[in-house]
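Visitor: These are the residues of each chain, in order.
Protein chains: 6
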Amino acid sequence: MRFDETYAGNMFIKSHQNYEESKAVLYGMPMDWTVSYRPGQRFGPARIREVSVGLEEYSFYLDRELADVPFFDAGDIPLPFGNPEKSLAEIKTFVRKVLADDKIPVGMGGEHLVSLPVMEAVYEKYKDLAIIHFDAHTDLRTDYEGEQYSHATPIRKIADTIGPDNVYSFGIRSGLKEELQWAKENGMHISLFEVFEPLKQVLPTLKGRNVYVTIDIDVLDPAHAPGTGTVDAGGITPKELLAAIHEIARSEVNVVGFDLVEVAPIYDHSEITVNTAAKLIREMILGWVK
Amino acid sequence: MRFDETYAGNMFIKSHQNYEESKAVLYGMPMDWTVSYRPGQRFGPARIREVSVGLEEYSFYLDRELADVPFFDAGDIPLPFGNPEKSLAEIKTFVRKVLADDKIPVGMGGEHLVSLPVMEAVYEKYKDLAIIHFDAHTDLRTDYEGEQYSHATPIRKIADTIGPDNVYSFGIRSGLKEELQWAKENGMHISLFEVFEPLKQVLPTLKGRNVYVTIDIDVLDPAHAPGTGTVDAGGITPKELLAAIHEIARSEVNVVGFDLVEVAPIYDHSEITVNTAAKLIREMILGWVK
Amino acid sequence: MRFDETYAGNMFIKSHQNYEESKAVLYGMPMDWTVSYRPGQRFGPARIREVSVGLEEYSFYLDRELADVPFFDAGDIPLPFGNPEKSLAEIKTFVRKVLADDKIPVGMGGEHLVSLPVMEAVYEKYKDLAIIHFDAHTDLRTDYEGEQYSHATPIRKIADTIGPDNVYSFGIRSGLKEELQWAKENGMHISLFEVFEPLKQVLPTLKGRNVYVTIDIDVLDPAHAPGTGTVDAGGITPKELLAAIHEIARSEVNVVGFDLVEVAPIYDHSEITVNTAAKLIREMILGWVK
Amino acid sequence: MRFDETYAGNMFIKSHQNYEESKAVLYGMPMDWTVSYRPGQRFGPARIREVSVGLEEYSFYLDRELADVPFFDAGDIPLPFGNPEKSLAEIKTFVRKVLADDKIPVGMGGEHLVSLPVMEAVYEKYKDLAIIHFDAHTDLRTDYEGEQYSHATPIRKIADTIGPDNVYSFGIRSGLKEELQWAKENGMHISLFEVFEPLKQVLPTLKGRNVYVTIDIDVLDPAHAPGTGTVDAGGITPKELLAAIHEIARSEVNVVGFDLVEVAPIYDHSEITVNTAAKLIREMILGWVK
Amino acid sequence: MRFDETYAGNMFIKSHQNYEESKAVLYGMPMDWTVSYRPGQRFGPARIREVSVGLEEYSFYLDRELADVPFFDAGDIPLPFGNPEKSLAEIKTFVRKVLADDKIPVGMGGEHLVSLPVMEAVYEKYKDLAIIHFDAHTDLRTDYEGEQYSHATPIRKIADTIGPDNVYSFGIRSGLKEELQWAKENGMHISLFEVFEPLKQVLPTLKGRNVYVTIDIDVLDPAHAPGTGTVDAGGITPKELLAAIHEIARSEVNVVGFDLVEVAPIYDHSEITVNTAAKLIREMILGWVK
Amino acid sequence: MRFDETYAGNMFIKSHQNYEESKAVLYGMPMDWTVSYRPGQRFGPARIREVSVGLEEYSFYLDRELADVPFFDAGDIPLPFGNPEKSLAEIKTFVRKVLADDKIPVGMGGEHLVSLPVMEAVYEKYKDLAIIHFDAHTDLRTDYEGEQYSHATPIRKIADTIGPDNVYSFGIRSGLKEELQWAKENGMHISLFEVFEPLKQVLPTLKGRNVYVTIDIDVLDPAHAPGTGTVDAGGITPKELLAAIHEIARSEVNVVGFDLVEVAPIYDHSEITVNTAAKLIREMILGWVK
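First to last, the sequence lines map onto chains A, B, C, D, E and F.
Take our numbering: the last position of the first sequence gets the number 343, and nothing is skipped along the way.
Take our numbering: the last position of the second sequence gets the number 343, and nothing is skipped along the way.
Take our numbering: the last position of the third sequence gets the number 343, and nothing is skipped along the way.
Take our numbering: the last position of the fourth sequence gets the number 343, and nothing is skipped along the way.
Take our numbering: the last position of the fifth sequence gets the number 343, and nothing is skipped along the way.
Take our numbering: the last position of the sixth sequence gets the number 343, and nothing is skipped along the way.
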């Protein structure tokens, strides 16, 4: 991590050199030890940073430049391979500090389980928290074949903590029958297949709320994001996802933290997923860090 | 093949262990010796089965689980390399048995020519048969540079057998001028470029009919199905193909057999084509095997 | 180049054997030495020709066959590696000859800078020239980190020559803030994100005009064209690009030359980009060479 | 696992159908959650089985056929993702049963840590056990950044259990200075860079001993085994590794169990690593199961 | 084929423009329909030609340039997809003509079966013919699962025709027990695993003989030739294969024809196999066409 | 470059944080604009650094650790795309400073032309300079199709400057007839095909001399280094190259600078080339920076 003197990794384009002056803090959570299918998400953050140098720093969508938004790239949080419990604790400790310093945490996964300690830390600070969740999968299992810590469980666990009615999932197209049932019976907001239209309906109801946004890259169709763990046909396009990001930017919710997870460069032979991830992060920073 | 004691291959997720109790029989037709461009379709069925373990068994689209539909995975039919005539005969023999046992044949290709003996066997049983055909290519040639057995001819040959007016092709965007002319002059139903809308028009006219559905994966745009022999830009999305499958499921046609062909894993570096194929097969089984 | 007796390269499907009798001349410009990100565009033309043999020669969209349009494939123009100035001079010399012989130049890139000398040569002949430009990027820089010759500058340079109000860009989604400002302040026509609808608006205003069309393959979304230098999510589909090509074909503009650039086969592991490029060239030739 | 009725995976070529009659039991240990670099070893066993169908069953080296050696393929041991402790326990339970039934355990990894519980179980049965270890890496760490369970520790842990002087490592070319020192100071046998010649020296001294052989595929040079987690140039060729296997077969040691680990198909784009692994397993079974 | 006016393919570097003046004729045999494992050999010849442009025309090994050896590249022989019988007939017809014109046939495969009609045609002309065969596989089956035409049978069939004692195989490391037995019992010369040393022994005994050399690229270790159908670890290096080619060049045998087969570019992601194949062909032409 | 405050790139493992205290300075020269075949060498340095984190810092060959050798990683020198003249000037300016500060320049390419200005700057300081050159290619052309600046010319140009008898090339296996002739006629030392044995002969004759070592990664066989521009079969193994590096370390020459060039990650699908390059750089630093 960059606070460490010997840090040798790269940084996101136009990230600020000074932690104190920054409004947002970007960090990687290179964990993939509980994924049930294709691993390799640990390399996501570093590769996203690497290709970020090919990005323009200006957004034609938002008419804003990265130079206008002071954000600090803290590098990857060092995580103990194969130890999910300790890994999540390390993440939570880091994010608590970011929040204590009144900065917005901006995470890059890593498997989706890394979002759990972040959301828990954000909830410690913002008790009215709502979660906006873009994903192909429900991630609502209580456990995965007996394991509590699994990339299939984070949304369920945060829903249990903040209340299912404060969780809004979009683009869902895969999961267990029981997961869908649980969501419906417990008042969770879940929109199947689509993202932009249902989000547009929901945003006015969240006016003034503190919101954490977690995006699993597999909400995109596999053609647009082959570089992920579990590919599931029938997803949305980057155009729709960008429109959703911009809709949130224009809305009256207060984004207090966000992440993009499940980028696995190993399967991303033409680097379209990591390039798309870098662009999404640019748009989120430009749109949501006010 | 799995009837053989020494069968060592894998099986589709949640396939039934018992042939007798099954309603449908899944089988691979690992043939690619007449393809005129990129071969490798022989590996399609095995790889589709392999990635099927990553699928959920429940469909959010149809609210049904694979466990509710007893289907038996018979493995791949052993076919003699380089001998199309004998290969087609082996396929026909196998499918006749499946039909005689009153089960629905569910084929995985292999090149498109493998559909011909299946459709012929189905026609032996159902004399009012109609064919629904999703494809980028007409496949209406009488021969390919002199060869009768070619992946460019199966639809023409079945049309000659059951009558062109019983054949309905959708999504077609490539072929010879002569093929299109023949189709038009002989009363074949052919919809260029689009699938869902023209299918929706046609389905009511097929009410009560016995129908065989054959899907060439290249009806999808190459972005969504790079793992096939002949890629041709301008195809449909998986969303549209899924919608078409579900429209058939909701219609009043009687699906008596179906297949998905031309999956060639060699070109499918991120495995998005085989994963999509596995999902399509799940949806077809859940939607069409009543 | 094919005029050279020792030419050993391949040729586009159904290209004519006779230069004199041809209406259009296809040529490759295998240059990539000024690209700022991923190189390899030099191999674009040869690979497009190679896969063109898998194309049907008939278009279902235009009901016309390549045999109906005599075009000559001149092979690749030999260009000196690492010398942009001399390379551009070689291209201009070649294109001037094609124009002098009253044939339509049809170029394959190569990086986008190769279009500059072609457009200059065309402008020498047609003083009322308008440029139609499909691209993800503005390409409006005056220089790239001090270099005049860069793949980021060709549209600016031709705009300076023929006047910005004669340049029409579509599908643009990336660039510097300054580039967009310059375009707006100088009367250039620039349509962000979309291609088909704004083109449809513009075409009637160009009625009777001589037009050169330059297409950067990255106007397509990276899912559809991974084989290019700079991938930028949120692009259009091949369906929309084909529709735009056919709209121009149906319009009353006079296409006096065109090109397709930035195809980089190295990143095109399943060959979907080169196959798409070959199809686009077929459609442009069939639609625009009257 | 194949004892489970619903097992749907594939099997190694010519594996026997009957557990009771088998002399050896092949099983996969699909674990990769503690690897410190490139993961994906979980897919090794299944892909090795898949390509084994392309193997001849006869060995030109040993003049023996697989049909002569009854071995049972038990499939993959189901392991809980992200939980190393429980995973190792499951493996040990399984291997204890195999040993109790007087069969030779033949393991396929998975990361190298999976060998630890196997060696421990074998040691429970054979108290004079010696380990022969082929690897690029020492694997002699006591922990990896604090974690006890790591793919960098298994040889140290077994050495601590059975005594370092009963461990023979060959082909080692990478590790910490401290690891090498520990090995030297504690009487472990360690041969740097080479395999065949030092092994030939050592084997007579092991005459009559019960021996477990563990092979990390990365003992091969990366050119021959790109499909692994940590590639380190300067390794041996398959010719040398085959010669070593055959030397053991001709020696008077008693091989009571063996494994091949760290095959990661994700990086094995041409499938040369998995094909090599399948051949090595054939040779080990033919040479060592008497 | 290039005799056809509409030939659009590429040519081998420095091939001669004039058939009549040439001493040797290079041609492709793009057939892969009988392969029992990985297909794609049909694309071998075209891709070898394509990369040949990167070759120097001078050999440091032989101190000779391609310009010194007039050879004509006839392009690929058009073969009917999926029809082995007719394909072999087309090849034989072509090679008979080359031989009748007193030119040396130089073939590029395609699967190994394509060598059979060539060797038969050569034998028609040279009744004292000996075959030198480099391969990982015996290719001595009488049939493959009932099929006479198979890439596993060509050496057996030519041995039956010219007598097994006139066949010399080198580098063999895979096959059936029965094949090896047949070779030994019938006086065929077969050298397992090694190429250079046994060849050096044999060449003096062939002094003055007319010899056809057929090289299956898989005689190389998979690390050096991943781009082939059946990869089998433990093969030789290009250094050894080049040394063997040069040993033949220096010997007193009379090479009357030769080929290089089983190059399958689909699996050759870094193009090392096709580049090696192009170099081997250069060395064979420079060394053997006197 | 890292002297620049906004530098965002990564660094080589265990590189020192302090320029002043360092003995050697590592830097990238990301240039590929004059390569005549496959470009992409610009990405070599960054990718080598990235994978260096997977390296052990200790060498089993030299019994030395990176921590013992203070070296500073200066990042990549920013070079103007497509302008070789200015690029070479930038490199020379940088290296002059390193030399003026009495530090050893350690370069990573980039195409081989980048070595030219470095060698020139080193020669300015050390007038008795000898060059040791490992490469598959002579690189002795005076120009490449008229261009002075080409990756085919650097050794010729430095030989012209320091005298051909001060240049020692090893492992050469490809070039023009004229290049070889020139080398022989002008007293250059050139060893074909082999590296270790001829180097061992030469080193004693260079005792006490100041030596610059330039290694083109393509001196390795393509199996070991597919990630480079021009692959040429018949090269050496990493074992031989490591032995050569260690032989120089043990010799009495004074290494005053060195580089490793022509690493092109685009073709290095399993990352074996970049990992090998990182290890070679570690060994060179540990062995040569005294």
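If you're looking for bench data, these hints aren't it; they were derived computationally from the structure.
Treat the hints loosely; a few may be bogus.
One copy or two, either will do: identical chains are not told apart, so a pair holds if it fits within one copy or between any two.
[Said to hold, decoys possible] As a list, the in silico DSS-like pairs of lysine-lysine whose alpha-carbon atoms are at most 30 Å apart:
{"hint": "1", "residue 1": "237", "residue 2": "292"}
{"hint": "2", "residue 1": "253", "residue 2": "230"}
{"hint": "3", "residue 1": "292", "residue 2": "253"}
{"hint": "4", "residue 1": "237", "residue 2": "156"}
{"hint": "5", "residue 1": "292", "residue 2": "150"}
{"hint": "6", "residue 1": "139", "residue 2": "178"}
{"hint": "7", "residue 1": "178", "residue 2": "230"}
{"hint": "8", "residue 1": "156", "residue 2": "292"}
{"hint": "9", "residue 1": "150", "residue 2": "230"}
{"hint": "10", "residue 1": "292", "residue 2": "178"}
{"hint": "11", "residue 1": "230", "residue 2": "76"}
{"hint": "12", "residue 1": "237", "residue 2": "150"}
{"hint": "13", "residue 1": "145", "residue 2": "156"}
{"hint": "14", "residue 1": "76", "residue 2": "156"}
{"hint": "15", "residue 1": "180", "residue 2": "292"}
{"hint": "16", "residue 1": "253", "residue 2": "139"}
{"hint": "17", "residue 1": "237", "residue 2": "343"}
{"hint": "18", "residue 1": "343", "residue 2": "230"}
Visitor: Work down the list of hints and note, for each, if the structure agrees.
Guide: Verification of the hints:
1. In this assembly of identical chains, the alpha carbons of residue 237 and residue 292 lie at most 30 Å apart whether taken from the same copy (29 Å) or from different copies (24 Å).
2. Taking identical chains as interchangeable, the C-alpha atoms of residue 253 and residue 230 lie at most 30 Å apart whether they share a chain (27 Å) or sit on different chains (29 Å).
3. Taking the shortest Cα distances, residue 292 and residue 253 sit within 30 Å of each other both inside one copy (15 Å) and across copies (21 Å).
4. Taking the closest pair of Cα atoms, residue 237 and residue 156 never come within 30 Å of each other, the shortest separation being 35 Å inside a single copy and 37 Å across copies.
5. Within a single copy, residue 292 and residue 150 get their C-alpha atoms no closer than 35 Å, and across copies no closer than 43 Å, so neither meets the 30 Å cut-off.
6. Taking CA atoms no more than 30 Å apart as the test, residue 139 paired with residue 178 passes inside one copy only; the shortest distance there is 22 Å, against 35 Å between copies.
7. Within a single copy, residue 178 and residue 230 get their C-alpha atoms no closer than 34 Å, and across copies no closer than 37 Å, so neither meets the 30 Å cut-off.
8. Taking the shortest Cα distances, residue 156 and residue 292 sit within 30 Å of each other inside one copy (29 Å), while across copies they are farther apart (40 Å).
9. In the homo-oligomer, the alpha carbons of residue 150 and residue 230 never lie at most 30 Å apart, since the shortest distance is 39 Å inside one protomer and 35 Å across protomers.
10. Proximity of residue 292 and residue 178 under a CA criterion of 30 Å is satisfied in neither setting, with 33 Å inside one chain copy and 40 Å between copies.
11. When the C-alpha separation of residue 230 and residue 76 is checked against a cutoff of 30 Å, the pair qualifies only between copies, where the shortest distance is 23 Å, while the shortest distance within a copy is 41 Å.
12. For a Cα distance limit of 30 Å, the shortest separation of residue 237 from residue 150 qualifies neither inside one copy, at 35 Å, nor across copies, at 45 Å.
13. For the identical chains of this complex, residue 145 and residue 156 are intra-copy neighbours only, at 15 Å inside a copy versus 44 Å across copies, given an alpha-carbon limit of 30 Å.
14. Proximity of residue 76 to residue 156 under the C-alpha cut-off of 30 Å is restricted to the intra-copy arrangement: shortest distance 5 Å within a copy versus 40 Å between copies.
15. Taking the closest pair of Cα atoms, residue 180 and residue 292 never come within 30 Å of each other, the shortest separation being 33 Å inside a single copy and 38 Å across copies.
16. Taking CA atoms no more than 30 Å apart as the test, residue 253 paired with residue 139 passes in neither setting, with 38 Å inside one copy and 45 Å between copies.
17. Taking the closest pair of Cα atoms, residue 237 and residue 343 come within 30 Å of each other only across two copies (27 Å); inside a single copy the shortest separation is 34 Å, beyond that limit.
18. Taking CA atoms no more than 30 Å apart as the test, residue 343 paired with residue 230 passes between copies only; the shortest distance there is 19 Å, against 40 Å inside one copy.
In summary, the structure is inconsistent with hints 4, 5, 7, 9, 10, 12, 15 and 16 from the numbered list given earlier, while agreeing with the others.
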